[in-house]
Amino acid sequence: MKFVDEFRAPELIAKAGEEIRRLADANRHYRIMEVCGGHTHAIYRFGLKDLLPANVELIHGPGCPVCVLPMGRIDDGLSLAAEPNFIFAAFGDMMRVPGTHGSPLEYKARGMDFRIVYSPADALKLARSNPQKHVMFFAIGFETTAPSTALTLMRAKAEGLCNFSVFCNHVTIIPAIRAILDSPDMRLDGFVGPGHVSTVIGCRPYAWISGDEGKPVVVSGFEPLDILQSIVMLLRQLRRGEAHVENQYKRVVPWEGNRAALRAMGEVFELRPYFEWRGLGFISQSALKIRASYAQWDAEQRFTVPGVRVTDPKAAQCGEVLKGVLKPAQCKLFGRECTPEQPVGALMVSSEGSCAAYYNYEHRKPVTIASAAAI
Amino acid sequence: MCLAIPAKIVEMDPQNAHLAVVDVVGVRRKVDLGLLQDEPPSRGDWVLVHVGFAMSKISEAEALDQMRTLCLLGETEAALQEVRGYGLENEELDQPGQGRKQ
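Respectively, the protein sequence lines represent chains A and B. Mapping the first sequence onto the numbering used here, position 66 (from 1) lands on 66, and the numbers just tick up by one. Just add 1000 to wherever you are in the second sequence, counting from 1, and you've got the numbering used here.
The set of hints was computed from the structure by calculation and includes no laboratory data. Be aware that a few hints might be false.
[Claimed, not checked] Away from chain A, derived, C-beta distances all over 10 Å, residues of chain B: (1) 1003; (2) 1008; (3) 1009; (4) 1011; (5) 1013; (6) 1014; (7) 1015; (8) 1017; (9) 1021; (10) 1038; (11) 1042; (12) 1043; (13) 1044; (14) 1051; (15) 1074.
[As the list claims (entries may be wrong)] Just the calculated beta-carbon pair ranges, DEER-fashion: (16) B:1078 - A:236: 45 to 53 Å; (17) B:1059 - A:309: 16 to 24 Å; (18) A:21 - B:1017: 49 to 57 Å.
Positions of the beta carbon are idealized from the N, C-alpha and C atoms, including for glycine.
The following block holds chain B by itself, in its conformation from the complex (with noise of 0.2 Å):
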């Protein structure tokens, strides 16, 4: 569990400044963005997540590097498990046919 998940902000909330719809392999869920009220992202920016709170604004590049770390660990599947778990039930905001098993 203190492995970070990539994941890229694809929708800001208009309803809570603090959400957003981020997509961590086309498996869509509402992250809170709270702890990096110093440096707020927008749209576009990837971020790191953990347990459902995004941690840190990364690039794009290390957004990859950290995809690529979850990998070699084995852990991409308990990652998106994870992230699939987030907001308890929020399947419609899916991508179609994405966020399957690799």
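Pulled out of the complex, with its shape left as it was, chain A reads as follows (with noise of 0.2 Å):
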């Protein structure tokens, strides 16, 4: 089955360019971010950029759960993995994340079992199969993965199954995006919203966006047609002065998000008091801990975790480059010392950071859908 080779509808993409410049006020310069690390991927992939005018600028945002997740987690969830008989599972986009003393694959080549898992589901199966082993659970993830996590947490629970617990790093996006909008050294025009966090949260969660701070937010898809169109939407509000959370992504996205999704992780996790994000420092209630009633579960609650803090390297601008304020390519490092085959810092080693997107795509030059566009 071959589903396309071509970009849909190529002339919709060339209107949406159109729109956009005719939409843009050729006296304003305007900053719109992406939150999802999917619609960064997508924005370098296609080269995007090459169909805005020059003043309307994208921003690259916080939502890449690889990229955000400070060193010193990584460094505590690898010192458990020392214990004997224990496995360390976790998505394959962990396996090179660099932690102090080696990135997970590393660790594996000097004897800790580690287990690539597709879902936390099965990292709850390896537990079932290896009764005298503890299986651990590296979980990382917004609120797209968080529901997974919790409703493995409540099956390992209502099966009794004892060797099996959960390092829980996930993270939520709405108060990422607010610590974005109180750094001084950001001024933001609007948000292209994130697909699919928002199909388990829905729209609602960023009406204060609109709300209290005045800017616009589309939840878009992840094709360049959606994301031409969420712009356009942006464009339109703030052309008309408005600031309304509009949904693009409708196909996919309903508005009040997937309920039970949002029972399972209240069921399972309450919000931490704060969080370190790699970039962006402490933030206050930014994401969620297993609850007392799960701590035979949570590796936190039941094993002693050093609680590591670790700065990134000096030299890495990964901070500067997370928040938007540097581009990929102006971090000191970026594309010598820090590349997708040596990473640094994280924003180089999953393929939806941002700079692993531009090195990939920029540096390469594919096929762009300006000029599929031009055709």
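Starting from the two chains in their separate frames, assemble the complex, guided by the hints.
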């Protein structure tokens, strides 16, 4: 089965580009943040900024879970894995993320039992099939992933499976957006809202961004046309001097989100008073911890965790890039010491990280949407 | 990892009400339907799957749209790799001759 080998509707894409140029006030500079790493990836892959006028600038936001995880958390997780009969399970994204003494992959080479899983349910399955060992799932992700971890913990509790725990690094997107808006060196005009996070949380949680901060938000799909249409919708609002939350991705995102998923999260998790984000520092109530009623399955409550804090490598400017103050290529290490093959900072590890996206696509310049739309 | 994978439910698990076998371009794996308990899907329905859990019910047209998005983003192979990885080892569920790189 062949789904596509062309961009959808190049004439519509060209039209959206024209509409953006028409709507953008030439005397104004627009800074629009796409919050989600999936959008960042798409923007670079299709060279979407080539379709935008110079005064419409896209700023890459904090929505890549691997990228915002501070190194101390990786060190903490890996320190537990030194225990005998311990299996460290994580998504493949974590494999090459550097900790102080190496990545999970390097720990594996030194003898740690590291297993890649594609679902938290499979970490639970590992625990079932290895009753003599302890399986710890190193959980990362925003609200897209957190409900699956929650349901996995509910299943573990229901089964009374005791050789399983979760090292929880789940974060929530809203406080990160608030921190960015509060940051004095940021001036943003609007947001391209995350697509799949919103399938869980819905569109209401963004209301304060338009209501209190006066910035429009458009929840967007991931195709080039989706992203361009979202930019058109943002510029229309800005031109009228309005600020609302709009949903461009109606075909997937219900306005109310997924209530069953939110209930599962509420059953298992509570907000941490604060949590450290790479590049953004400590943000209050920005992450989830496992409730006391699930303490037995919480690696942090069950084991002694050192609580390591590691400052990022001084030369790497991940923080500035993450906040959109610097472009990836403006970092001193970009493309030299720090590459996707040998990442120094996490933004270079994940394909959704802005540095890796910039490195993979901007350097090689594949066929861009701009050239396809011109045909 | 924030891109959801469209999948068709081909079989409900008779032993576990919250599990179902889904098909993604010929790759068949079990996924968890527990997050859709407010509007439980049935056989033949399309769902968006993320890390082994169905996150939302969608129409067939939306599923094809989403598959096209994955293609455009060059993520089809990664998505199939993810689905193949569900359940650790479950290759016996696959449709013979399918699920290979298109």
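Okay, the hints, checked on the actual structure:
For residue 1003 (chain B), the shortest C-beta to C-beta distance to chain A comes to about 6 Å, within the 10 Å cut-off, and the non-interface label is violated. The beta carbon of residue 1008 (chain B) sits about 12 Å from the closest Cβ of chain A, which is more than 10 Å, so the claim that it is off the interface holds. With 10 Å as the threshold on Cβ separation, the claim that residue 1009 (chain B) sits away from chain A holds: the shortest Cβ distance comes to roughly 16 Å. Its beta-carbon lying about 17 Å from the closest one in chain A, residue 1011 (chain B) satisfies the requirement of being farther than 10 Å from that chain.
Every CB of chain A lies more than 10 Å from the CB of residue 1013 (chain B), the least distance being 13 Å, so the non-interface label holds. The beta carbon of residue 1014 (chain B) sits about 18 Å from the closest Cβ of chain A, which is more than 10 Å, so the claim that it is off the interface holds. Listed as a non-interface residue, residue 1015 (chain B) keeps its Cβ farther than 10 Å from every Cβ of chain A; the least gap is roughly 14 Å. Chain A leaves residue 1017 (chain B) outside its interface by the beta-carbon criterion, the shortest separation being 13 Å against a cut-off of 10 Å.
Every beta carbon of chain A lies more than 10 Å from that of residue 1021 (chain B), the smallest distance being close to 14 Å; the non-interface claim holds. Against chain A, the non-interface label of residue 1038 (chain B) is violated: not every CB pair exceeds 10 Å, the least being about 5 Å. The non-interface label for residue 1042 (chain B) is consistent with chain A: the shortest C-beta to C-beta separation is roughly 16 Å, beyond 10 Å. With a least CB separation of 20 Å from chain A, residue 1043 (chain B) remains clear of the 10 Å interface cut-off, as annotated.
For residue 1044 (chain B), the requirement that its beta carbon stay farther than 10 Å from each beta carbon of chain A is met, with the minimum near 18 Å. Distance check for residue 1051 (chain B) against chain A: the nearest CB is about 5 Å away, which does not clear 10 Å, and the non-interface claim fails. Residue-level check failed: residue 1074 (chain B) sits 7 Å from the nearest beta carbon of chain A, not beyond 10 Å. One distance hint, 45 to 53 Å for the beta-carbon pair residue 1078 (chain B) and residue 236 (chain A), is violated here, with the actual separation near 34 Å.
Look at residue 1059 (chain B) against residue 309 (chain A): about 48 Å separates their beta carbons, and that is not inside 16 to 24 Å. For residue 21 (chain A) and residue 1017 (chain B), the Cβ-Cβ distance of about 54 Å falls inside the hinted range of 49 to 57 Å, so the restraint holds.
Consistency with the previously given hints fails for numbers 1, 10, 14, 15, 16, 17, ordered from lowest to highest.
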